[in-house]
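Chains A and B, in that order, are what the protein sequence lines are.
At position 433 of the first sequence the residue is numbered 433 (my numbering), and the sequence of numbers has no breaks.
At position 30 of the second sequence the residue is numbered 723 (my numbering), and the sequence of numbers has no breaks.
Among the hints, erroneous ones may be present.
Examples of chain A residues lying across from chain B (beta carbon under 10 Å, computed) [what the hints assert, rightly or not]: (1) T20; (2) G85; (3) R86; (4) D87; (5) W281; (6) Q627; (7) P629; (8) G631; (9) Q635.
Covered stretches of chain A (chain B as the covering partner; in silico rule of three or more C-beta atoms under 8 Å from a C-beta of chain B) [said to hold, decoys possible]: (10) 41–50; (11) 284–290; (12) 488–498.
The set of hints was computed from the structure by calculation and includes no laboratory data.
Note that beta-carbon positions come from the ideal geometry of N, C-alpha and C, so glycine has one too.
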Amino acid sequence: MDFKRAQTGSSQLSSLLWITVAIVGAAAVGGIALSRGESINSLWFIVAALCVYAIAYRFYSLFIASKVLLLDPTRATPAERFSDGRDFVPTNRWIVFGHHFAAIAGPGPLIGPTLAAQFGYLPGTLWILIGGVLGGCVQDFVILFFSIRRNGRSLGQMAREELGPIGGAAATLGVLTIMIILIAVLGLVVVNAMKHSPWATSTVAATIPIAVLVGVYLRYLRPGRVLEGSVLGVVLLMAAVVGGGIVDHDPVLRGWFDHEASPLALMIIAYGFCAAVLPVWLLLAPRDYLSTFMKLGTIGALAVAILIMRPTMHMPALTPFIDGSGPIFAGPLFPFVFITIACGAISGFHSLISSGTTPKLIANEADARMIGYGGMLMESFVAIMAMIAACVLEPGVYFAVNSPAGMVGAAPAAAVATISGWGFPVTVEQMDVLAREMGETSLFARTGGAPSLALGMANIFSKLSGGGLLALWYHFAIMFEALFILTTLDAGTRVARFMLQDMLGNFFPRLGKTSWYPGVILTSTLVVAAWGYFLYQGTRDPLGGINSMWPLFGIANQMLAAIALCVATTILVKSRQAHHALITGIPLLWLVAVTSTAAWLKIFSPLQRLGFLAHAADLQTKLDAGQLPAGLAAQAPRLIFNDSLNAGLTLLFLVIAWVVVFETARTCVRVLRGAPTRPLAEAPYVATAMERP
Amino acid sequence: MKHRIQRAWRALCASLSYLNGGAAYAHYCRHLRTHHDDAPPLSRADFFRQEQQRRWNGVRRCC
């Protein structure tokens, strides 16, 4: 009797607690949405996010786990059944969580929200929260779970098994193209942070020998002592940030690292090629060890700093640019805020990790909820922090840093006049002082999001250290972003190379062999040439490249998410859960609507700022009429070709997405009608022999 | 107190080395001991070499 009363008491207490969380969360979200003052404190964002996440995790993910997926803690996972001490290793869930988070957290959720702040803080923040808990977290969770039930199969394999060969091939082609665009756009972000910045360039350059040193240490000096090697590397990285300042102050050394964007792009391309063909122990693996540490450490430090400093945000809730006239990227709020945020809310790329290394480590099926759903909640929180860091800047400064010269004018005086004219006052002196404080010559037109994020982070961190060391913090942030952008670049090039080898191996078996060196060189060259082309052209684009490439990347990424959700929806329908298929079906429909609208606008919009074809046609007309200035006239044929290429690529994304959607619809209708389809590829039940810790 | 700090420090090092794959060798040895009694284990250096090469043949990192 007493026991029962105690239980009712604790459940009442728990209801009370959750009602409080709900009220506080609703108040914070309402506060953010309705605030129309000059500025708003970032604490509102943190509280709103944490309450939304807590409620979503406690209720929605529990519903999915217990009513839809039916997680079964008594069922043996692939890690247990195939335990080989290498790939398949039953691992403590917190360790798997760390692994998973380190794998999914890349530069995407930092850059996307920074660019999306062009619309003001409100649209981006709402989408990060809503898209995260209803879309991204669900995608990561269900794909992880389905992969566990299928012996740790990859997304491509699952698409083939559940949807058939056409769906499978479309998924694989989708992954390859997104990889190419992703690498190009990330390369461009690094280049824009390094152009004419000897400090940033020398620091980023120093990460290469540091990685090699760590690689040699781990292979020859102290084989396999990863922790030691990583700590050594992190210490050297810090020294490199300080050393960059010394380089910057030396008139001779400075010249070696002071470059235009185009030569820097060529260097990145050469580096990417080396990283792809060199043995992994020398560059790729050690860089990844370092970037894991820096990533977890810096993200943690940023969270602590934001909590302690609670900085004030100056960006308005909405800017006039929601109509599509924004300088950073073209296009109206719908659909471009969703395309731009991309990874912070839903990232198709995560489905590759959720069906890659992670399912092979999970010791118990019940852990999938915390790792799949919880891991993405963390990532969404990273996106919220990036949004805060972007909005901490004065809006005038934010737009001066992020607007390409082709949009606001190349001369500082012209740029500040244009930006102030939009209602975001900024002066040349203000920008000069800021640049000097950050140890840079100029901060105008540093598109790509990395420099403005670094400014925001430097702002927050330096207040923590008493207001000083701005330049050091700024370059630390740049180094941190470049480190894991370059890790993604290396790893992505390598994966794309393997996929290409795999594909070509069907026609020329020899090319498929990863040990045949000429084949390795050929396929690596093809991959690097593909992204290198987009990267190089991006640096020569008068609008700065990010303008057209980030939307392209966003469309590709969201398309991949749509493919993953197609696979998940098919599996749910097949497993007699059709009435629950809405949990993936609704995000799927939304993503299809968003990507299709965005792709359509990017290709066919009559506005020359937005549509690739309209821009090409406009240039052609002016070129024929002889209206272009001499410099632009020489570039015009190349720009026209690039527009057509981008339009073609966007069309390819659109076709791939619709092929998979069509295959999904066909399969689902057959299942619902009772017609024969491919059976569920789920592995049979085996009882676990492991004790649940 | 000192004992507790020592234990926490060791746990921290262990988790960090797990995250970076540093504990993989211990796993491999344990697996070999329990499942294949007869096979002689690779040395730490050889294991690390093989492992690194193999692990990088797939998608490891995201955007």
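Hint check:
{"no.": "1", "hint": "T20", "in the structure": "32 Å, violated"}
{"no.": "2", "hint": "G85", "in the structure": "3 Å, holds"}
{"no.": "3", "hint": "R86", "in the structure": "6 Å, holds"}
{"no.": "4", "hint": "D87", "in the structure": "8 Å, holds"}
{"no.": "5", "hint": "W281", "in the structure": "5 Å, holds"}
{"no.": "6", "hint": "Q627", "in the structure": "40 Å, violated"}
{"no.": "7", "hint": "P629", "in the structure": "37 Å, violated"}
{"no.": "8", "hint": "G631", "in the structure": "34 Å, violated"}
{"no.": "9", "hint": "Q635", "in the structure": "30 Å, violated"}
{"no.": "10", "hint": "41–50", "in the structure": "violated (count 0)"}
{"no.": "11", "hint": "284–290", "in the structure": "holds (count 4)"}
{"no.": "12", "hint": "488–498", "in the structure": "holds (count 6)"}
Hints 1, 6, 7, 8, 9 and 10, counting from the list given before, are not met by this structure.
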